[in-house]
Amino acid sequence: MSLERQKKLVILQTSGLDTPFRLPSPFFIATAAAAMEMEAIMVFTAKGCGILKKGEAAKVLIKKGGKSIAYFLNLALDAGVKFYYCQPGLELMDMSADELIKEVDGVIGAAAFVDMVQEADIVLTF
Amino acid sequence: MARINHCDIPEDYYYNVDKHVWARVEPDGTVTIGITDLAQHLAGQIFYAKIKPVGQRVEQFRSVATIESGQFVGFVPACVGGEIVMINEQLRTHPILLNQDPYDKGWIARIKSTDPEIQLRHLLTGQAAVEAYREKMQRENIGCT
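Protein sequences appear in the order of chains B and L.
All residue numbers for the first sequence refer to the working numbering, where the first residue is 4 and numbers rise by one.
All residue numbers for the second sequence refer to the working numbering, where the first residue is -16 and numbers rise by one.
If you're looking for bench data, these hints aren't it; they were derived computationally from the structure.
A few of these clues could be false.
[Stated by the list, open to error] Straight-line Cα separation of at most 27 Å, DSS-like style, residue types lysine-lysine; simulated pairs:
hint, chain 1, residue 1, chain 2, residue 2
1, B, K66, B, K56
2, B, K105, B, K70
3, B, K105, B, K85
4, B, K105, B, K11
5, B, K70, L, K119
6, B, K85, L, K33
7, B, K105, L, K2
8, L, K33, B, K11
9, B, K85, L, K2
10, L, K2, B, K70
11, L, K33, B, K10
12, B, K50, B, K11
13, B, K10, B, K85
14, B, K70, L, K33
15, L, K119, L, K88
16, L, K119, B, K10
17, B, K50, B, K105
18, L, K95, L, K33
19, B, K62, B, K50
20, B, K11, L, K2
21, B, K67, B, K56
[To be verified] Looking from chain B toward chain L, a few residues come up when the C-beta cut is under 10 Å (computed):
hint, residue
22, F31
23, I32
24, A35
25, A37
26, M39
27, G68
28, K70
29, S71
30, Y74
31, L78
32, D81
33, A82
34, D97
We treat Cβ as the ideally placed atom computed from N, Cα and C, and that holds for glycine.
Bound-form chain L, shown alone (with noise of 0.2 Å):
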């Protein structure tokens, strides 16, 4: 696990990291999807959390959930497309796990895509996402702090 400006970052995760969004590849070839620690940094502590249903279609980077804390409304996109095979339903009633465990118990999503390979190339994974998380830190002056 990397931690740029306190902020975790696990290199073998994939990510956007303008749109704040990661994508983990799981063993049966699905794809679970969430936000960044930095992201729920940004966003301050998170009160809703409104994810699309299973078995709805959801394209690479457009919506697949809304969230809003006291400074931040907006939708979350989806870091890999496809049909949504699973959801968080945790996060109705306990939207806080979002901030509390970004990359684990507040998993967003699982997405079940015909092309998982070609779409994971437009992410960053390992270390070529660390530096550009570095990067994108110090440009924006910002981090987990």
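Isolated chain B, as found in the complex (with noise of 0.2 Å):
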């Protein structure tokens, strides 16, 4: 048994599907942070709730011919990666949380994120 804390990642996802080229980085270094063993978050308010919209991120390439942002997102799926979303940012995209995707984690506000990227060893912003 390892006493070693498990370090963590946290990332603050708050570009869009209107910016295609900017997703790829910010689930493929989750990815790898989860595979490096480390807890890996990612924490998505504003536009970067529209990205959890159900079936949205499979309608958007990263550019023409490319891989699909859902490409990417499942990847930091199967890798473990943790998604969480912001309650105003979601009302801010009009959205409601019955339109995500059913793999979020849960809802977040800005008390307890606080309390997250300050347990964090690295945070990231997108």
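Starting from the two chains in their separate frames, assemble the complex, guided by the hints.
See the structure below:
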């Protein structure tokens, strides 16, 4: 048994499907962190919430002829990356929780997010 | 050596077909592990490989290494669990060996297990492995071309 604390990566995702070229990196980095046995968490807010809307990520390609955003999203999910969304961010996008993919782990607010990043070893924003 | 959809499959190795990893029993009883030809083809050119250090213990099918290519990043499940007694240091500077020679120069680690026979029972070898690969490649329409 290891007593070493598991390292934690948190990515705050504010960019969305209107800028697809920005999206592979955060998913790929989170996937890499999970593969390296870190706890990897992505928090989606504002336009980022749109990525989690059922069916939308599959419709958008990173570039013409390239892979879909869903490919990178699924890579992260398969690696065990946890997804949280921000409720006000969701409302900003005129979305409701039942429109999100079922793999989302839960909702998080500002206070819980601050708690989360205080414990994190790496925090990135995209 | 069997060959299906242009993928090499040494019949004397042991495999977990879905996890894309192999094991080879050495004369001293240790087990060498690595990724399959199909795995390296699906991943594309691998440019990063980080292997857990010698002395660390890994459980069967848990992470023994992390690899990354342009379109894939993920962990390599250990085909057999136990203590890592040797790692392929060459992969640190030449991860391309995983693509060029996945069954020999691209080996990842050598494991000393207390119960290799029991763990090997969870893997496929010989004709059973070849048939499982044939079915998988047909079902998923994948191969090494």
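Hint by hint, here is what the structure shows:
With a C-alpha separation of about 20 Å, the suggested pairing of K66 (chain B) with K56 (chain B) holds against the 27 Å cut-off. At most 27 Å may separate the alpha-carbon atoms for a hinted pair to count; K105 (chain B) and K70 (chain B) meet this at roughly 22 Å. Between K105 (chain B) and K85 (chain B), the direct Cα distance comes to roughly 12 Å. Compliance with the 27 Å bound is thereby established for this hinted pair. At roughly 23 Å between alpha-carbon atoms, K105 (chain B) and K11 (chain B) fall within 27 Å of each other, so this suggested pair holds.
A hinted pair counts as satisfied when its Cα atoms are at most 27 Å apart, and K70 (chain B) with K119 (chain L) qualifies at roughly 23 Å. Restraint check: the Cα-Cα separation between K85 (chain B) and K33 (chain L) comes to about 23 Å, which is no more than 27 Å; the hinted pair holds. The hinted pair formed by K105 (chain B) and K2 (chain L) meets the criterion: a straight-line CA distance of about 25 Å does not exceed 27 Å. For the hint pairing K33 (chain L) with K11 (chain B), the CA-to-CA distance comes to about 19 Å; that is within 27 Å, so the pair holds.
A distance of roughly 22 Å separates the Cα atoms of K85 (chain B) and K2 (chain L); the hinted pair therefore holds under the 27 Å criterion. The hinted pair formed by K2 (chain L) and K70 (chain B) meets the criterion: a straight-line CA distance of about 22 Å does not exceed 27 Å. Under the criterion of a C-alpha separation no larger than 27 Å, the hint pairing K33 (chain L) with K10 (chain B) is consistent with the structure, at around 17 Å. Only pairs whose Cα atoms come within 27 Å are accepted, and K50 (chain B) paired with K11 (chain B) is accepted, the gap being roughly 24 Å.
A hinted pair counts as satisfied when its Cα atoms are at most 27 Å apart, and K10 (chain B) with K85 (chain B) qualifies at roughly 14 Å. Using a Cα cut-off of 27 Å, the hinted pair K70 (chain B) and K33 (chain L) holds, with the two alpha carbons roughly 26 Å apart. For the hint linking K119 (chain L) to K88 (chain L), the alpha-carbon distance of about 26 Å falls within 27 Å, and the restraint holds. Taken as a hint, the K119 (chain L) and K10 (chain B) pair is broken in the structure, with Cα atoms around 36 Å apart against an allowance of 27 Å.
Under the criterion of a C-alpha separation no larger than 27 Å, the hint pairing K50 (chain B) with K105 (chain B) is consistent with the structure, at around 19 Å. With a C-alpha separation of about 19 Å, the suggested pairing of K95 (chain L) with K33 (chain L) holds against the 27 Å cut-off. Straight-line distance between C-alpha atoms of K62 (chain B) and K50 (chain B) comes to about 16 Å, which keeps the hinted pair within the 27 Å bound. Our distance criterion of 27 Å between C-alpha atoms is met by K11 (chain B) and K2 (chain L), whose separation comes to about 26 Å.
For the suggested pair K67 (chain B) and K56 (chain B), the alpha carbons sit about 22 Å apart, so the restraint of at most 27 Å is met. With its C-beta approaching chain L no nearer than about 6 Å, F31 (chain B) sits inside the 10 Å limit, and its interface hint holds. Against a cut-off of 10 Å between C-beta atoms, the interface hint on I32 (chain B) holds, since the closest Cβ of chain L lies about 9 Å away. Among the interface hints, the one on A35 (chain B) holds; its C-beta lies about 5 Å from the nearest C-beta in chain L, closer than the 10 Å criterion.
Checking A37 (chain B) against chain L by beta carbon gives a least distance of about 8 Å; that is within 10 Å, so the hint holds. Using the Cβ-Cβ criterion of 10 Å, the hint placing M39 (chain B) at the interface with chain L is satisfied: the shortest such distance is roughly 5 Å. With a cut of 10 Å, the hint placing G68 (chain B) at the interface with chain L is violated, because the nearest CB-to-CB distance is about 13 Å. At about 7 Å, the closest approach between the beta carbon of K70 (chain B) and any beta carbon in chain L falls short of 10 Å, and the interface hint on this residue holds.
Hint on S71 (chain B) is violated. Least Cβ distance to chain L is approximately 12 Å, over the 10 Å limit. Because the closest C-beta pair between Y74 (chain B) and chain L is about 8 Å apart, less than 10 Å, the hint holds. Taking 10 Å as the C-beta contact cut-off toward chain L, the hint placing L78 (chain B) at the interface holds, the least distance being around 7 Å. About 8 Å separates the beta-carbon of D81 (chain B) from the nearest beta-carbon of chain L, less than 10 Å, and the hint is met.
Interface hint status for A82 (chain B): upheld, as the beta-carbon distance to the closest one in chain L is roughly 6 Å, under 10 Å. Interface hint status for D97 (chain B): violated, as the beta-carbon distance to the closest one in chain L is roughly 34 Å, over 10 Å.
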